[in-house]
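Make the full structure from the sequences, and use the hints.
Chains Y and V supply the protein sequences, listed in that same order. Counting from 1 along the first sequence, just add 80 to a position and that's the residue number in our numbering. Quick note: the second sequence, position 10, residue 4 per our numbering, numbers continuous.
Don't read these hints as lab results, they were simulated from the structure. Keep in mind that this is a model prediction, so the values were computed, not measured. All C-beta atoms in this analysis are idealised placements derived from N, C-alpha and C, irrespective of residue type, glycine included. Among the hints, erroneous ones may be present.
[To be verified] Computed spacing ranges between beta-carbons, pair by pair:
no., chain 1, residue 1, chain 2, residue 2, range
1, Y, Tyr287, V, Glu37, 52 to 60 Å
2, Y, Asp301, V, Leu36, 35 to 43 Å
3, Y, Tyr287, V, Tyr35, 42 to 50 Å
4, Y, Pro295, V, Arg195, 35 to 43 Å
5, Y, Leu122, V, Arg166, 31 to 39 Å
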Amino acid sequence: MDGDSAHSMEAEREMTRLWRTFRTVYELLADRGYEVSDNELLLPLEDFRAKYADPLGYPEQCRHASLKSHITNKLFRNNSRTKMKIQARPTETMKMKYTALPSKANPNPQPDCGTIYVDFCPDSSGVGTKQVRAFNHLVDENNFHTGIFITQTPISPSAVRLLSGVPGRICEHFQEQDLLVNITRHELVPKHVLLSPEEKAKLLERYRLKESQLPRIQISDPVARYLGLRRGQVVKIIRKSETAGRYASYRWVI
Amino acid sequence: MAQQGPSHPLKTSLPETYAAVNAQQPPPSCLYPTQEEQDRYLEGRPGATQQHLEVALQHAQQIQTQKDAEDAILNRILELLELPSSPIEDPAAPSQEDTVKLKYSLAPFRPSDYDNLILERNFEDLCGYALCPRKHRKQATGPRGGFQFKYGPKGSGPGGRGRSVDIVSQDRIEKWCSDACAERALWIRVQLSEKPVWERRAGDTRGTTILLLEEARAKRLKAPAATSSVSSVVNDLEVMGLGNRDRSGELALERGDTSLIRPDGRVDVNIRENQHGSQQVAGAPQMRPEDANGGSIEGYVPRERRGADQDGDIDLLDQI
Chain Y
81 MDGDSAHSME AEREMTRLWR TFRTVYELLA DRGYEVSDNE LLLPLEDFRA
131 KYADPLGYPE QCRHASLKSH ITNKLFRNNS RTKMKIQARP TETMKMKYTA
181 LPSKANPNPQ PDCGTIYVDF CPDSSGVGTK QVRAFNHLVD ENNFHTGIFI
231 TQTPISPSAV RLLSGVPGRI CEHFQEQDLL VNITRHELVP KHVLLSPEEK
281 AKLLERYRLK ESQLPRIQIS DPVARYLGLR RGQVVKIIRK SETAGRYASY
331 RWVI
Chain V
-5 MAQQGPSHPL KTSLPETYAA VNAQQPPPSC LYPTQEEQDR YLEGRPGATQ
45 QHLEVALQHA QQIQTQKDAE DAILNRILEL LELPSSPIED PAAPSQEDTV
95 KLKYSLAPFR PSDYDNLILE RNFEDLCGYA LCPRKHRKQA TGPRGGFQFK
145 YGPKGSGPGG RGRSVDIVSQ DRIEKWCSDA CAERALWIRV QLSEKPVWER
195 RAGDTRGTTI LLLEEARAKR LKAPAATSSV SSVVNDLEVM GLGNRDRSGE
245 LALERGDTSL IRPDGRVDVN IRENQHGSQQ VAGAPQMRPE DANGGSIEGY
295 VPRERRGADQ DGDIDLLDQI
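Here it is, written out as structure tokens:
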């Protein structure tokens, strides 16, 4: 009996971790401006477990040697992470923010965003070029604009390069442990708001600046990664101020 | 590039091949803007000159070369994951085809790229040595990332007694299928050049001439056999015929002494000391009339004292 309760404790912990990651992904999509329903955003742990856990309460199986004897049925061997695929479409506001200003060369610009696809990698170790190639292929085949690849362990350097090298598509990578907690909900992280090209042009005109004269934020900054910022965009950062109530600053993504 | 055919995995730019191609033809039009485009770009920018544009383009080309090289290395890593071509190949005697492919592919690698290759092969459950078809070791004992004792062969300990003991992290052991493969793989790693491929000079052979461990051993065994025995050295000397006066001219030519004055290659050299230096000897200082006054410094009289002299005052110091 003791062994069983230990198992269920561990199953509970793993399931909770996965659920928190899953919810953060939805929050991330919502914050970026994709269409996400409230049901998905506020998915309770019970529902998540009912949907994705196996009969023993684990998010995945065959990882624990002690459990292998329990499992003979092949049906149980599927991994809940393979079921956790997410797709989302951008909202109108997001499309507007990602549409460049009309210019002489391009008088009618199209929004540079599209359907996003999130994939959880089921392998618990050794994620290399093989998995990333499969992911890239999937994104390319289904014509997704953006792909997010979520793994349990760090991926190899060549895999990182392979992921960023898909022409015409944006592929990002997160580790599950990075998404356990939504960093933008922390009280010390100020609010970051992406400016549309129009707002950016107004800002530069008002302060008579060139964009290179703005303070900068790195593209690898955790919040920039969370928001999926791209080089050349400007974010407005709104902080609390003791004297002024709120204080807005602007940063140029490089 | 065309002469290398479709099997050539490089899309553009190993500098050595790139330089050779560049010398013959202008860069491909898809990479380089035409004169018309350049002019149009410059029109809208009054501060910019043709020179600015050229510098910018040159830098852009360099960055592009770098990116292309990195892509090529990534492609080669992916290709090397497929090696060896047959699953029963012996890593100690790899097939000629695979060996050639490995050596060719490794040419632009840095040691860090090679480490990436090993990592990727391990992720694919293969031994880190590219020519070994076996699986890498997996030790179930102990927690992941622990350390292990590793014993050397008998008599390898201090003073030739006992066994040497190494403490090795488990990751390092698990990269390979056996110690022999580890040696082979690391032997290749030390031959790679640290310099990134886009910074290498055209004639730089380091990193491009790679020997497998087996080849290097065979070479080392063969090389000393030719020169080791005293008699063979004596034989060689006799064959060269150093004592033969007729051949001295030939030898001179071989040394590079091609002077027409001395066809036999010898020049008389007389060493003579330079005589000029010894005639000027610094003499003792002489008394000059202006020195009688005293107080001058190398003939210069400080201004205050000069004034005093004009007043007709007598400098007491001089009297003493």
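Inset, instruction - Using the Cβ atoms, figure out if tyrosine 287 (chain Y) sits within 52 to 60 Å of glutamate 37 (chain V). - result: 29 Å, violated
Inset, instruction - State, for the Cβ atoms of proline 295 (chain Y) and arginine 195 (chain V), whether the hinted interval 35 to 43 Å holds or is violated. - result: 41 Å, holds
Legend entry - Consistency of beta-carbon spacing, arginine 166 (chain V) to leucine 122 (chain Y), with hint 31 to 39 Å: Since leucine 122 (chain Y) and arginine 166 (chain V) have Cβ atoms about 47 Å apart, the given range 31 to 39 Å is violated.
Legend entry - Range hint 35 to 43 Å (beta carbons of aspartate 301 (chain Y) and leucine 36 (chain V)) holds or violated: 36 Å, holds
Inset, instruction - State, for the Cβ atoms of tyrosine 287 (chain Y) and tyrosine 35 (chain V), whether the hinted interval 42 to 50 Å holds or is violated. - result: 28 Å, violated
Of the numbered hints stated above, those contradicted by the structure are hints 1, 3, 5, listed in ascending order.
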